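Below, each chain spelled out in residue letters.
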Amino acid sequence: MQELRDKYLTAVAETSDEGALEEIRLAALGKKGEISLKMRELGKMSPEERQSTGKALNLLKDEIDAALRAKKAALADAALDARLREEWLDVTLPGRPRRAGTIHPVSQVMDEVTAIFADMGFAVAEGPQIEDDWHNFDALNIAPEHPARQEHDTFFMHRAEDDPRPPHVLRTHTSPVQIRAMLDQGAPIRVIAPGRVYRMDMDQTHTPMFHQIEGMAIGRDISMANLKWVLEEFFSAYFGIKVKTRFRASHFPFTEPSAEVDIQCSWVDGQLRIGEGDGWMEVLGSGMMHPKVLQSGGIDPSEWQGFAFGMGIDRIAMLKYGIPDLRAFFESDLRWLKHYGFNPLELPTVFGGLNR
Amino acid sequence: MKFTLSWLKEHLETDAKIEDIADALTDLGLEVEEVVNPAERLAGFTLAKVTAASQHPDADRLRVCTVATDEGERQIVCGAPNAREGITVVLCKPGDYVPGLDITLSVGKIRGVESHGMMASERELELSDEHNGIIELPSGEVGQLFTDWLAQNRPEAVDPIIDISITPNRPDALGVRGIARDLAARGLGTLKPLAETVVPGTFDSPVAVRIADALKQKGAPLFAGRVIRGVKNGPSPAWMQKRLRAIGLRPISALVDITNYFTYDLNRPLHVFDMAKVTGDLVIKPAEGGERFAALDEKSYSLRAGDMVICDDAGVESLAGIMGGQSSGVDEDTVDLFLESAYWDPITIAATGRALKINSDARYRFERGVDPAFTRPGLELATQMVLDLCGGEPSHVVQDGAVPDTQRAYRLDTARVVSLVGMEIPEATQRETLTALGFALDGDMASPPSWRPDVRGEADLVEEVARIASLTRLQATPMARETTGVPEPILTPLQTRTGMARRTIATLGYNECVTYSFIDGAAAALFGGGSDATRLENPISSEMTHMRPDLLPGLLQAAARNQARGFADLALFEVGPAFQGGEPGEQVIQASGLLVGQAGPRDPWGSRRPVDLYDAKADLEAVLGAIGAPARAQINRKLDGWWHPGRAGTLALGPNVMASFGEIHPKILREMDVKGPAVAFTIWLENVPFPKKKGAARPALGSSDLQAVERDFAFVVDAQVEAITAVNAALGADKKLIESVQVFDQFTGPKAEAQMGAGKKSIALSVRLQPRDATLTEAEIETVSGKIVDKVSKATGGSLRS
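Going down the list, the protein sequences come from chains A and B. The numbering of the first sequence is the UniProt record's numbering, which starts it at 1 and goes up by one. The numbering of the second sequence is the UniProt record's numbering, which starts it at 1 and goes up by one.
In isolation and in its complexed conformation, chain B is listed as follows (with noise of 0.2 Å):
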C-alpha cells in the first residue's frame, strides 16, 4: 500500500517528521517497506540572489553574475537568458551533486572567467521538464535550504512516498484514512474529519437494482448506486493525477481516476457503468456457469457456476466486487453513468478470485473486507466528487439489501491487558486508544467500529491497545524457570539416541546430509514406497512427488551428484524421518549410512580398496553399540529389496527388525545412476529396545587372574555355511570356560577347493579359555578341545582341517 505525506496530510493533522511517521507506521504494525523522499536529492541546496549580473567579455550568451550565498559573494558564469539582477535562484555549489545533469560540480573557468557554482534550472533539479532558464523563485531568503523553500511552497515536490506491507486483518489500512487513524491514536497527529455529504437526486434512477435472492444472505448484502447523466469525462486534475501517479497508477479519465482515489484514500472501491451500454436493469445474481467474460484487463474469462456477477439484459457485465466488464466500462465518450458502491462478502470474493485467478485493487479489499456502513456514505461522497470534476446531474440513490448488522462487543479487562503485555499502560490510556481508533465504549464493553471485521474477542482488543502503546518499548522481563536447583534433563530417551546415533556416525568418517523429505515416485517405488498414499496432490517438482519411503534413495541420488561432481569416493549419512504411509504417524527414524567407492585414496600403504559389506557391518555395530542395542540379535537374510540378495543381512531380535546393511543392489545402482560399489547400513532407531535396566550402577567385573589359554581351530566346512554357526557351537562346548570365539581366517575359493573339495572352505576359530578355580592343565584343555570339535563339526557338518 503506497501513498504520499501530503495524501496522509489530507486526513492528518500533522508536523511529525517523515522519518517519524515512518518509524510509527512499522512499530503499529503497518510495516514500512520503502520511503521514497525526493528532498534527499536536493538536500543541501540554498537559496541565493543574483546582486549584479554583466556580460561575459568573451562570449555574447554567457553572462558573469555576481550572486549573494550564505557563505558570501560568488562569482557564477551562467548562461540562462533570464540570469539578472534581482533574482533569487537555487545555488549548486563546488563539490554539490546535480542530479539531473548526474555530476559533481567544480570551480570552472568558463571562457577564461572562473565560475564558482551554478544555478540551477528545474531539469537540472529533476522537479520538472523544464529547461528555458534557471529557476527564478516569486520568495525566499538567502541561505534557506531550498528543499524548506519547497515544503512551504511546492509541497508536492518534495512529498515522500511511502510504501507499507498490510496485514490481512488491516482490511481498513488499505485506504490512507485508515493509517491516518492509526497515527492519530498513536498521537501523531489529529484526524481531520471526513466530510458528510447527501447529495439530493433531481431525477428517479432509470436503472433499478436487484440482489437474487439466493445472493442477499451472504454474497452480496449490499447494492447502491444512481445514475447520474450530462458527465464529460475529462482528465482529473493535476493534483489528483499525481497523487495516483506517485502510488503508481496511470491517470486514464476522470471517472476512473475517481474510482481508483475513493478506493485508495478511502479503502470503498466503487464500479461505473456507461449508462449508453447497459439495457434494462442491474441483477446481481450467480453465474449459471461457462458463461464468458470480457473484463476490463482485457482478457477474458470463463465463468463457473454460482460466480457472483452483475447483469443488466445483455448479459454479465461486471464480475461483483473484482472487476468491470470491457462492454459497459466508461470511456471519454461516456455523457450518462452508473456509480456503483456496494458491499460484498469477503469469502465469496475470494472464491471467485482464487478460482478465476484475476487480481484487482476491487478484490484485494473486499477479500479482506471494507467497511460495510460507508457503502452509502461513499456513494455520496463520490457523487459530489463526479459532479465536482465532470459536472452532470444525479438520480436518486437506488438500492437493494441492507448494511449487514456487525454490532458486537467485547469486555475490555485493562488489568488483563498489563498481565499480557507485560507492560504498565494505565486504563485511561487504554480506554483512550481504543476510543481513537472508533471503539465505542460503554462501562467496559468496547465495540468496534464497523471498519474493524478482523476484532473478534477480547484478545483483539489487547493486541489493539499493545499495539498503540508501542511494543517497541517492551522491556524484557526474566522469567525464571518453573523449577529451582539443577534442571532436570529435558530430552527423552530416543531423542538422546537419536542424537548418539547422529554423531557416532559423524565419528565414523561420514558426512551428514540433510536430503528432502519428498522424493521422485520411481525412486520411491525402488524403495517400497511411491503408493498414492504417500504421494503428493500438489508437488512442486517431477523430483519430490513422494514422501520418502527409506533415506537411502536420498542418500543415493545425493551420492550421484557428487560422482557428478568427480567426488567417486564418499561417505554419506543422515538421520531423519521416513514415510510409511500418509497419516500423521506413520513416520520413523532412520538412521542411514553409505559407503561409495574405495575406502581410501590411494597411498603408498595400499589402503585403496573397494568398499564392502563389512565395512558396512562394523560401522553399524559401532553405532548399534553406542545406543545401547543388546549384543546378541540375529542376522537373517529377510532382505528387502534394494539390498544384495546375497551380500546382504538384517539384524533382528525376533520378528523386531532393528538393521539391514550390505551391498545395495546392482539394479538400484544403476537405476540411481551410481557407480559401486556402494554399501550401507539402515537403522531404526525406534526398533532398538531400551535397556531395561534403572540405575547408572553396572554390574561387577568378572575378571581372573589365572592364565587364559588360546586354542586355533580350523574346519573344513560347505562354502555356504556361516561362521556365525561354528562360533555359536564353539561357545555352546562350554560355557562357563569359554570367553570368546573369534573367526580368525577363512580360506575360500578355488584354491581352497583345489585342496578341500569341490563347495568347501575352511574357517579357523580362535578361542579363548578363561579358568575361574585353577589354571588347566592340558588335560582340560585337551577335553575342551576334543568338546569344540565335535560341537561345531556336528553343528556345521565339517570336520576339523587336517
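Just chain A, with the same shape it has in the complex (with noise of 0.2 Å):
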C-alpha cells in the first residue's frame, strides 16, 4: 500500500503536461487501474480484512485523486499565466474618443438663478424679443421724451412705410415681461423672467445683447425690505457665502422709491472676494414697482404693491465664474467653451448645491 501510495504521488508530482496526469489518473484510478483492481480484491477478503483494507484503500484513493486534482490546476494556472505574459497590451494608449459637451455658462446660470427663485416660489415668465414700443416702454412709465427712447441705445426694427404703427423695438430689458405676466396672470404674483436683451452697445464690456433677469413680486404687502431679504438671500445661494446688500436710492422710471444694489465684496491682491471685506459692488437696480406700471399691467396700486428688480446675468456669471471678458460669450471660441463651459449633468439644484 505504502508502496502504491509513493509510486502515484511521485509521478503525480514529477509530471509536467496534462496528457501524462490524465495517464496517471488512468493507471491509478481508472476501470483497470492499480487501486480499481486492489478495491475489486476485496470481494474475497474476510469482513474484519475488508474493513480495514477497504478504509485503507479509499483513503488512498482519495489522497492521489486530490493530488491529481491539485497539479491539475497548478498545470492549468502556469498555462493560462503563460498565455497572459503573451497578452500584453500598451494602456497608456488612448481610448477611444468620446466627445465631451458643455453647457454654455449663460445657461449654467440662468438654471442656477432659476433654481434658487423656484425655492422662494417663483415662477418662470417669458416674452417676446422683439417687442411693440409700449409693451418695451409707455406701460414701464417710460415717456416718449426719456432719453432711454430717444437715444442710441434702442435697436428699432424696420416699419415699413405704408404701416402707421411706431417701430417694433428689440426688447432693451427683461422688463417687457413684468407687463405680460401681470396681464396674464394679475395678483398675486411672484416671477422671475431671464432672458436676452439687446441695446446699441459695443464696447470692452459691452456688446449689443446680453442676458438679464427680472424678478418681480407683488402681493397685498410687499415691501422693500422684503425685497432686500429676497436679493441677500439671492446672492448667498448664488454665490455660495453669507452676502449683504446695500440699497442706494437712485432713479427708474418704473420703480418708486428706486435703488441700485451693491454686493460686499473686497479686491485682494486684484481677485475680487464677493461676500467679505467692506467693499461695494453695483450688480443691480431694482425698486417697488410703480403705480402706473401696476396699472399698466391690470393691477389696482390701491390693492396691491410690489418689488421689481433687473439684474445682468452674463456679469454674474463672470463673477461668479472669473471670467474676464464679455464680449466672448458670443464669439464661440472651442477653447473657451470647453473652459468656462459646464458638464450637461451638473443640473444645478437647491439640494444637490450651485457650486460648481
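Errors might be hidden in some of the hints.
[Said to hold, decoys possible] FRET-style restraints, in silico, Cβ to Cβ:
no.: 1; chain 1: B; residue 1: D532; chain 2: A; residue 2: K244; range: 45 to 53 Å
no.: 2; chain 1: A; residue 1: R85; chain 2: B; residue 2: Q742; range: 34 to 42 Å
no.: 3; chain 1: A; residue 1: Q204; chain 2: B; residue 2: G44; range: 34 to 42 Å
no.: 4; chain 1: B; residue 1: Q407; chain 2: A; residue 2: K244; range: 37 to 45 Å
Keep in mind that the hints were calculated from the coordinates and are not lab data. Treat the numbers as computed from the prediction; the structure is a model and nothing was measured. The beta-carbon is built from N, C-alpha and C at its ideal position, and this holds for glycine as well.
Two chains, two separate frames, one set of hints: put the complex together.
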C-alpha cells in the first residue's frame, strides 16, 4: 500500500503536462487502474480484513485523486499565466474617443438662478424679444421723451412705409415681461424672467446683446425690506457665501422708490472676493413697482404693491466664475466653451448645491 | 456734476467730514463717482519752528537749522534764503513722501552735516509754483497738522472736489444749492438762506423782447432780461476762477464766468448778448429751417424748421436754451450787454439738441428741467453780481410770457410709505423730510416745490421720504412663500423640454454656443430670412443687420471662426430663438446641433472618419427621445434650401415639422467659408407634441418567457428604394408576432451592381419574432418568413437575394 502511494504521488509531482497526468489517473484510478483492481479484490477478503483494507484503499484513492486535481489546476494556472504573459497591451494608449459636451455659462447660471428663485416661490415667465414700444416703454412709465427711448441704445425694427405704427424694438430689458406676466396672471404673482436683451452698445465691456433676469413679486404688503431679504438670500445661495447688500437711492422710471443694489466684496491682490470686506459692487437696479406700471399690468395699485428688479446674467456669471471678458461669451471660441463650460449632468439644484 | 466742499459750504452750514458727506450723497441717490481730496497727499506733514540757524561750515548758501518738532529738536540743513530763527515752517520727516519732488525722504548728510528731514516750499507740496523760499506760516503751533492749519487758514488749498452722477429725475441737483438742500434734509447741516435781491433799473431797456405766439404755449413760456451798460469785462475774481477750474471749466471773462457760475451754483443757466452786436429787439420764434447758425462752440449748424431760436433784426443770435451765437457773444471789449434769463420747455430743448447734436451745460439742464419760478430771482442775483464784478448800470427788466403754473399737490399716506418701504418712519419725520426738501404741506396734501418737476404722484413722495430716511438702513425682512409645504414645479412643459434638449445635446458631446440673435443680411437670406420685416433699422454693424431666421447660420459662422483658429473638427449647438417675422411673437425656439469635420481625432483605432448624416440622425433621435417625441414620425424630403437635397431628411407628423437633419448644402458651406463635411440637425421644440397622458404610471411590461427567434433576409431592390419601405413592409407581415425589424447591412455601389444588375442594391433585414402563446415551430417560422418575403418584395419591387 505504502509502495503504491509513493509510486503515484511521486509520479503526479513529477509530471508537467496534462496528458501524462491523465495517464497516471487511468493507471491508478481508471477502471483497470491499479487501485481499482485492488478494490475489486476486497470481495474475496474476510469482513475484518475487508474493512481495514477497504478503508485504507479509499483513503489512498482520495489522496491520489486530490493530488491529481491539485496538479491539474496548477498546470492550468501555469498555462494561463504563460498565455497572459503573451497578451500584453500598451495601456497608455488612448481610449476610443468620446466627445465631451459643455453647457454655456449663461445657460448654467440661468438654471442656477431659476433653482434659487423657484425655491422662494417664483415661476419663470417669458416674453418676445421683438417687442412693441408700448410693452417696452410706455407700459413701464418711460415717456416718449425719455432719453432711453430716444437715444442710441435702442435697436428699432424696420417699419414699412405704409405701416403707421411706431417701429417695434428689440427689447432693451426684460422688464416688458413684467407687463405681460401681470396681464396674463394678475395678482398676487411672483415671477422671474431671464432672457436676451439688446442695446446699441459695443466696446470693451458691452455687447449689443446680453442677458438679464427680471424679478417681480406683487402682494398685499410686499415691501422694499422684503426685496432686500430676497436679494440677500439669492446672492448668498448663488455665491455660496453669506452676502450682504447695500441699497442706494436711485431712479428708474418704473420703480418708486428705486434703489441700486451693491453686494459686499473686496479686492485681494487684484482678485475679487464676494461676500467679504468693506467694498461694494453695484450689481442691479430695483425698487417698488411704480403705480403706473401696476396699472399697465391691469393691477390696482391701491390694493396691491410689489417689487421688481433687473440684473445682468452675464455679469453675475463673470463675477462668480471669474470670467474676464463679456465679449467672449458670444464668440463661440471652442477653447473658451470648453474652459468655462459646464458638464451637462451638473444640473443646478438647491438640494445638490449651486457651486461647481 | 462736480463741486468743491467749500463751494458746498456756501449753501450748507456744516461741520461734517468729507467722508460723511460723500457717503450721504451716495445714499441719497446722488452717487459719488470720485472725491479728490488734496489734503490726502499732505497728510502727516506737521508744523515746526526754527529755533536756531547757523551758517553751514562748508557751504555759503546752506544753513544748519535747529528745528523744534513734535518729536523734539532736530537738525536740518536748508538752502532756502528765508531759513532763519523764529519762523514757523512745514516739516517733512525722513520717511515722508514729498509730492512736488516725487521722492521719499531719508536722513541725509549734506556736505558732511547730517540733515533729519526738510522744510518745504509751496511748490514742493504742490500748493503753488512758489519756490523762492520755504513756507513761512504767520501762525500755528509746533506739532499741529499742516492740513488742519490749511483748513483753518487757507481752506481752498485743501478743498476736496466731489464728482457725483445725477439721475435724470433730479435736475435740482444740477446746482450746488440743490445738493446742499438734500444734505440738509438728511441732517448733515443747515441750508443757508439764499439772498433775495431786486436791483432797480435806472432806464428803460432799449431792447424789447417778444415770444412768438407759436411758442408761448409750449416752447418758451417765459423770457426775461435787461440791459446793463457801461460794464468792464475783465477777468473774474480769483475765488470764482478757482471754483470753476476745480470743476474743470476754463475761466474766460467775468461775464462768461458769471453765467457758468450761476449754471453750476443755482442751476440757473443765463446768456449774455453784446449789445453792440445786437440790432433791434430780441424775438423768440421757431426757425424756418435751413438757416445757418454759428454757435459759440465755433461750429456751424443748419437749423431745422421749428428749432427754437432768438433772433434780432440781423437774424439768429442764439439757439434758445442750448447755445448762444458767435456773432453776438461778449468779449473783453463788451461795454453794454443784455442779460437773458428764460425758462424753456424741456421736451423742445431735448428735441433740438438731439437733432443738432449739440451738447451744452444749458441744454443738459433745460431738458431735464430748471426751476421756472427762479427765472426772475436768478436774473436779479446775476445782475447784482455783474454790477459787483464789472460795474455798469442796469435797465428795467423786460419780459414776455409768465412763470408756468407748476402748482400741484399729492396725498402723503404715511402708513402706505411705511408699508411700501418696510421701515418704520414716524409720520413727523416724513413731514419734516418733505418740508426740508421744499414741499409745502397742507394737512396730508404735499405740494412739490417749483424746482422738482419730477414729482408727479404719491409714489414720488414715498421715494423722497425713503431716500432721505436712508435705504442703507433698510433691514432685510423675510418673505415667505405664498403656499406652505413642498412647492409645486414652476417650469412650464416647454421650459422643461428646452432644458432637457439642451442638456441632452451637450451629453452627446456638443459644446453649447450662445450666438447673436442678429446676423448679416446675406447669411439670413441663405436661411430663408433677410426680409425687411426682420431687418433692424439701426444695426450696430453690417454683420448684425437681420434677426436670424434659424440657428444654423450663427453656428456655421462660429464653426468658420474656429476653423480659422485651427480647430477643424467641431460639435457645436445652440438652443434659442429664431425669428420668422418682425412682430412680437413671431419667434420660435430651436435646438440645433452642428457636426463639422471628422468624427474623432486620428488615433490607433481608426476613429477618424468624416461625419455623416447618420451621426446627425442618431443625435437627433437621441434628443427627440429625451424630450418625449412620438417614436413614429415620418421622414420626408421636403427640405429647406440649405440642406443637401439627397442627404437630408425632415421628420414630420403630418404637416407638423418637428426636425430636419442631414448634410448642409455644399453651396452654403462655401458661402459661409466652412470646410466640410458638415452635418446638422434642427428641432422645432414647440412643434414636438407633448404626451397626452396624465399621470406617471406606465403601461405594464409585455415581456414573454418564450424563446424569441431571429431570421435574416436580404433583398435585391432598386438603388433608390428607401430602407424604411422594406422595414415597414416586414413589420406589417405579422404585427402580432414580429417584434422588431433591423436593417443590419446594405450592399451598394459598382460591386453590388456587378453582382445584382445595374441600378440595384441589396439590403439585409434582421427580423425578431416573439411568440406569445407557445414556442414557434419550424413550420410557423416558415410561414411568417414567406409572408415577409412577399410583403417586402411587393412593397419594394425587389426580390429575395438568392
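message: Within 34 to 42 Å: is that where the Cβ-Cβ distance between Q204(A) and G44(B) falls?
response: 38 Å, holds
field: R85(A) paired with Q742(B), Cβ distance criterion 34 to 42 Å
entry: Holds, since R85(A) and Q742(B) (Cβ atoms, about 41 Å apart) stay within the stated range.
task: Determine whether the Cβ-Cβ distance between Q407(B) and K244(A) falls within the hinted range of 37 to 45 Å.
output: 43 Å, holds
task: Return holds or violated for the Cβ distance of D532(B) and K244(A) against the range 45 to 53 Å.
output: Given a distance of about 51 Å, which is inside 45 to 53 Å, the answer is holds.
When each numbered hint is compared with the structure, no violation occurs for any of them.
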